[in-house]
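Residue numbers (the numbering used here), protein chains in the order written: chain A, 1 to 450; chain B, 1 to 450; chain C, 1 to 450; chain D, 1 to 450.
Below are the DMTMM-like pairs computed for lysine to aspartate or glutamate, each with C-alpha atoms no more than 20 Å apart in a straight line: (1) A:Lys106 - B:Glu259; (2) B:Lys148 - B:Asp83; (3) A:Lys402 - B:Asp264; (4) C:Lys402 - D:Asp264; (5) D:Lys402 - D:Asp221; (6) D:Lys402 - C:Asp264.
Short derived list, chain C residues pointing at chain D, Cβ under 8 Å: (7) Lys228; (8) Gly380; (9) Pro387; (10) Met404.
Calculated directly from the structure, the hints in this document are not laboratory data. Backbone N, C-alpha and C fix where the C-beta goes; we use that ideal spot for every residue, glycine too.
These are the residues of each chain, in order.
Number of protein chains: 4
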Amino acid sequence: MDAQASPTLPALTETEPGKTVLGLSPSGLTSVFKSIRRRSEALCAPLSVEDYVVQSMPDVSPSKWHLAHTTWFFETFVLQGADGDGRVHHPMYGHLFNSYYNTVGKMHPRPLRGLLSRPSVREVYAYRAEIDQRIGELLLSTDAEAFKRIERLIEIGLHHEQQHQELILTDIKHVLSCNPLRPAYRATNRGNRNATAKSAWVEFAEAIAWIGTSGEEFTYDNERPRHKIFHNAFQIATREVTAGEYIEFIEDGGYRRPELWLSDGWNTIGGLGWNAPMYWSKRNGCWFMFTLSGEAEVNNADPVCHISHYEADAYARWAGARLPTEAEWEIAAHDHDVENSGTIEGNFVEDGLFHPCAPLEPLPTNALSQMYGGVWEWTGSPYTPYPGYAAPEGALGEYNGKFMSNQMVLRGGSCVTPRSHIRRTYRNFFPPDARWQFSGLRLARDVPAN
Amino acid sequence: MDAQASPTLPALTETEPGKTVLGLSPSGLTSVFKSIRRRSEALCAPLSVEDYVVQSMPDVSPSKWHLAHTTWFFETFVLQGADGDGRVHHPMYGHLFNSYYNTVGKMHPRPLRGLLSRPSVREVYAYRAEIDQRIGELLLSTDAEAFKRIERLIEIGLHHEQQHQELILTDIKHVLSCNPLRPAYRATNRGNRNATAKSAWVEFAEAIAWIGTSGEEFTYDNERPRHKIFHNAFQIATREVTAGEYIEFIEDGGYRRPELWLSDGWNTIGGLGWNAPMYWSKRNGCWFMFTLSGEAEVNNADPVCHISHYEADAYARWAGARLPTEAEWEIAAHDHDVENSGTIEGNFVEDGLFHPCAPLEPLPTNALSQMYGGVWEWTGSPYTPYPGYAAPEGALGEYNGKFMSNQMVLRGGSCVTPRSHIRRTYRNFFPPDARWQFSGLRLARDVPAN
Amino acid sequence: MDAQASPTLPALTETEPGKTVLGLSPSGLTSVFKSIRRRSEALCAPLSVEDYVVQSMPDVSPSKWHLAHTTWFFETFVLQGADGDGRVHHPMYGHLFNSYYNTVGKMHPRPLRGLLSRPSVREVYAYRAEIDQRIGELLLSTDAEAFKRIERLIEIGLHHEQQHQELILTDIKHVLSCNPLRPAYRATNRGNRNATAKSAWVEFAEAIAWIGTSGEEFTYDNERPRHKIFHNAFQIATREVTAGEYIEFIEDGGYRRPELWLSDGWNTIGGLGWNAPMYWSKRNGCWFMFTLSGEAEVNNADPVCHISHYEADAYARWAGARLPTEAEWEIAAHDHDVENSGTIEGNFVEDGLFHPCAPLEPLPTNALSQMYGGVWEWTGSPYTPYPGYAAPEGALGEYNGKFMSNQMVLRGGSCVTPRSHIRRTYRNFFPPDARWQFSGLRLARDVPAN
Amino acid sequence: MDAQASPTLPALTETEPGKTVLGLSPSGLTSVFKSIRRRSEALCAPLSVEDYVVQSMPDVSPSKWHLAHTTWFFETFVLQGADGDGRVHHPMYGHLFNSYYNTVGKMHPRPLRGLLSRPSVREVYAYRAEIDQRIGELLLSTDAEAFKRIERLIEIGLHHEQQHQELILTDIKHVLSCNPLRPAYRATNRGNRNATAKSAWVEFAEAIAWIGTSGEEFTYDNERPRHKIFHNAFQIATREVTAGEYIEFIEDGGYRRPELWLSDGWNTIGGLGWNAPMYWSKRNGCWFMFTLSGEAEVNNADPVCHISHYEADAYARWAGARLPTEAEWEIAAHDHDVENSGTIEGNFVEDGLFHPCAPLEPLPTNALSQMYGGVWEWTGSPYTPYPGYAAPEGALGEYNGKFMSNQMVLRGGSCVTPRSHIRRTYRNFFPPDARWQFSGLRLARDVPAN
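This is chain A alone, in the form it adopts within the complex (with noise of 0.2 Å):
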């Protein structure tokens, strides 16, 4: 069990992707790619190679299509796009490999995808070498227009690329969950991870604030452009909620009890039987949770996680408190980072954890803690675009814009999203009823009245 307790995963190089990766030389944005893409396959390091075939329900897709799926998101954008080698790996993958993006073409339905035992994952493991020797020469070869229009693609790419790297591992922990023979991913190390702090208010007076970004960083479409909301004063808990605290909430009936929910949320919990988070299971009045280092007891200080919307919203109505609006969790970000000086700092993928852990130290009692890493943090704001937001032209338009209805937004990164993935303006989304994400809460609040 030592020998996996640390995670191998291979190091970034200096430069990361989201900061400096435009404007690298053609060498340094190779080792860029490759150092990235080299992580996707270390994360499935320690699957078996049937473990890369199932899909356990619609939403997961199996880890050998993830690992296909991003190499023809390259494939596609950038080899077969006007500056490209235009070649064409397999006549067939363009069909079985696109995700969502009906305007290159027609493609194999989401729900089918765990049905394909071919190519192998050899295959898919060839297909990605190819690409990737591919794109290295592409980048080494190109003149220097096309390389800045090429740069471009990469860039999304990988960013695309981190965001397969997180669902390898939701993918994955959902797919071993449901054998009943409860197999670990891999064994981890969470050493002495119980320190606890007392939840405090952070408060904001009424404003005008900037929201999203104008900058020339990369970001997605979705945080453009930046514009002015106005926001009355609020108040924000220093730190996330914690699996004790939503113990508490189980135990006082929350789960039983309608007028803590909103109605679809109460739908949701009825025709699904749910009455605590997701992974979890109470034995002999314990709570257990299955992890992707196997079955396990809950850990009281850890953050809650793995719940929906309507369970993250149910929650702190019960505590008399609400979600915080995305702007909100932007502006206290804000200050977070500045006190900071802009690091970005919290349990990610790197620490090899892949569980939201409480820290090894007391969190401070004064100030925002877990704003990064950890869990995911559910907002009460459904996902919309921004003022003045266009979709881009072609088929990368299709990246976010069309997904702006149904979702509400979540923030901050979680305990398998890759460190250089995240930052304060990243707008995360999922249906109000998806729970196989990193997903907490952190409270916020109106300020109360004199």
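The hints should help you fit chains B, C and D onto chain A, whose structure is shown.
This is chains B, C and D only, laid out in the frame that chain A set:
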């Protein structure tokens, strides 16, 4: 047919609800109460006994159920309340006619409302008569202090009644449309309502604006509190999109071009095979629609109707525009109201058209029109609580708050809304795939850069 | 209640169908025709207008539909036939009231019959009156040769009408049972019907026997041709299994022991949560059932009723016996009929009990009883064509033949079957999970080895 | 391709199961046991590791599951039985690999078999090796009395193994067919197998016949007891219906003519959109089919295959004939066997064609041929117990008896059945809509009247 052409809905008394229902004398309030209650029955006058029974889909309720449910509302919240007479008309009616108030008790499942042949239509009318009688007695016999409490319950009950008056019509339209005999609810005389006008843009500059209400007048809780928002400059169309314009969208392949659609919308139209608004069909190159007056040819100058949020959104994208936010709509409506001295004009249920007909005279080309009545206008705003919103205590807290997820806001009322029911701050809401309501759209857009 | 206690179904004339309907004079046939048609309406007399409309599950049809469909049958096969008057009552009724005759044309989908508030009950009765009038005119005006052809169509139409008389009752029972008000179809007086008798075995030796019919009398095509079968020696029970005996099975864990069940049966009871006959519920240790006379305590001496084939089969296995084959049943019925001089006696719809009540006097202990009426008896025989069977030419060939898969044969008629409708060779059939019919069982077994 | 053309299934030893497996010496039985067990693995040799995992529909099981389940069968019924060693290979395997033996304990739900990436293929093979080893040790170490009991369990286990050998092939065919890459299980060499022969009728006179078996040889319980039946005179076709003949049925509108179909069949083909056998598709006017050797043109002389009972029944009706009853088939097979000295010949799995190919030489025109192998022949007989049938005591009583509802009998074996597995009295059974097995038909008819 002529005989039926002019609907003879009972006129409301001078004092309309939402404005002056509070502060009336007991007999004055009784008079308003009876007037509004009578209208529900008047709207059912064209129905056969059999028509009252059918539930054509889970969203639809039988007419009989609407008549009984609104009565149960008064019985439960007024007569069973602290100041009521406490008598129970029938021990099972609470179970049968509770819609969704979990706080009050368990209820008959919504999708099974159409299985109830009993109580009979006659019994439901007797139930109404008894409750109306007892409400009248209560109003006239209670002391002043209790009257103050009761009049607030009567007020919300009457607005609730009006909402169901609209649903009686939208629901029976759906019921009748499912019948291959295509029966009409009643004949109407649309006259020469084909006037058209070019659509133009009205512009509003960037500003901080107040939205919602904090006044004394009646509103639902979801319109409160009044609060500030910041908005960019925007333009909004002078009138609603017409059926003729929508046909252009259809003929331009609107339903076959994925790039125009939200992802959920594209899946919805594909899964359900939609290729036109609800109730529309094409025969021999001509578009027909089912109306409350039976089958009719689509009239190009009418506002397009019975479209989902997805279709409204796709149309707007096709037209190079977008849906207004609900704040934008309300800001525009404010200016419109000022110009019109606060008078709410439009095609309402009292006009007896039961269809969003084009006007008799051309609309003004430089001023906002059709803001009220005709069709509910889809906005681009998800239905969320206003900053500082808190649901009321008790069962009536379930009225609005718990539905604030997965729904989109619509504004302005429709041709089957009672005129006295609507106001500028009124927020209607439906899931984005709903289209059996009289729902259409008005375009908006960002101010183009020069 | 007394007033309703004796049902007043119109008596049939002396000449009953199935025996002498052929060869009657035109006025004699008209008289029988009108008598049977009137009875369908008499059975609907206790219904409210609303009751006629509801379809509580796809298997159930609204009463209104039954009345119209049987009328359509005469209109289509007699009046629209070669010898009919050819007039069409309403151009859409063929679409609305065709049940399953693909040869005749397309039809309204069965599960949507409950969406049709129109035609009204009044219009359906008018339809019946007109068709009856025209049939009467046709019978009296046609020439002798055509009369020969027409009387055969009238004959099958009357048997068809009688089948729907039974369905009117089984279907309205289901409709009313879905209503939490638990309304009764009509009060009945069961008197002191609690007589019991020990069940005994009647034995039949191995033999070749003739099954089915080839005679001149009316039968459905599925009872033909008469043919030989070989059977082993067997024993059959003198009477039907009682509710009290069935309760022993329940209390012995019958619904929880997989070894007693066919695999499909086990999956059915698990999936649907069955643990007692349909319409049964247990309160305070006592079994109650919903009947056409409302809620009542289960009477132990009554034949058990509203069980599926799966439950009948499991009960028989639990009892160390099996279901009889349909041939065994018919062989036993032959002996029974000989002893009873061919008189068909039992609890039929004319008795007005509408429930399989125990008899007033104890049954004979050494002779077969309860062979007719009471409950349809499930046999162990799948519904297949007799050797040499051929469906008739034309649309009426769809009457029986096409249903010969996935159904099991039941024999003997029930308490809601018209007495003149039943005969020894009559083959009823339902899928093995159906139980809204009045269906029960009688045991059989192989002759034990000595 | 040539290299793969000749399948190299391990030959069975001289002593085949079903004939002489009882009475062998311990080492002789061990040898047969290992030989049959090895063949299951040999059939999986062409599979990739990924192929073993996928479940493409609930009826299909992953190859890995088949290999483990058959092993569990021996572990449970032999090693865990009274005479076994009682050791448990893995505490969860009983849960994972029990198919449907409720008596033995709860089991993993069938539709979720494809979610199990673990145990790995390697672990399943290790499981097989260990159980085989322990069975071998048991056979060689047990005393004579226990050996007598054990050999009977081994015998049924081996027949069970052979059934799953067939399912391994039918299931992997379905899995591979779902993959747009259309991978082949293995290349085969069909040679010049296009010989045709005119179909003729062989007539059998009315008689009493003995059906089933009461002998000492191995059979399943459902083939017993031997019993007498009476049958009319009938005719049966000399050979199976060919693909070419079936194409005539299609081209004559067979799938569009309701009068040809059982009602359930008509609903099935309508609901599922069937218009040809499974695996068939038409391109440029030519019929293609997916086979275990990949996509191929339909060969007119081959027996038609992968049709449901409904399609077989409709074809027969179109051809003016019917399906034989299972008794008729067995009577015909008896004569055929006498003429062939009891030798069972046909296209079996050992032939390595994996498809019901036409023969190399024309078939005899006056004698029955193709009775065994090629395709399972649908009969017109529902699967019911033979008179006097009793399921065995204990868990093995669940093997056959509980499936005797809603299924139809098929006879004769197919091109993926092991030759030593089939016999004249063998009763296979599937629901009437199943068609992923190699199922076809042979015609029968009543003797035409002169």
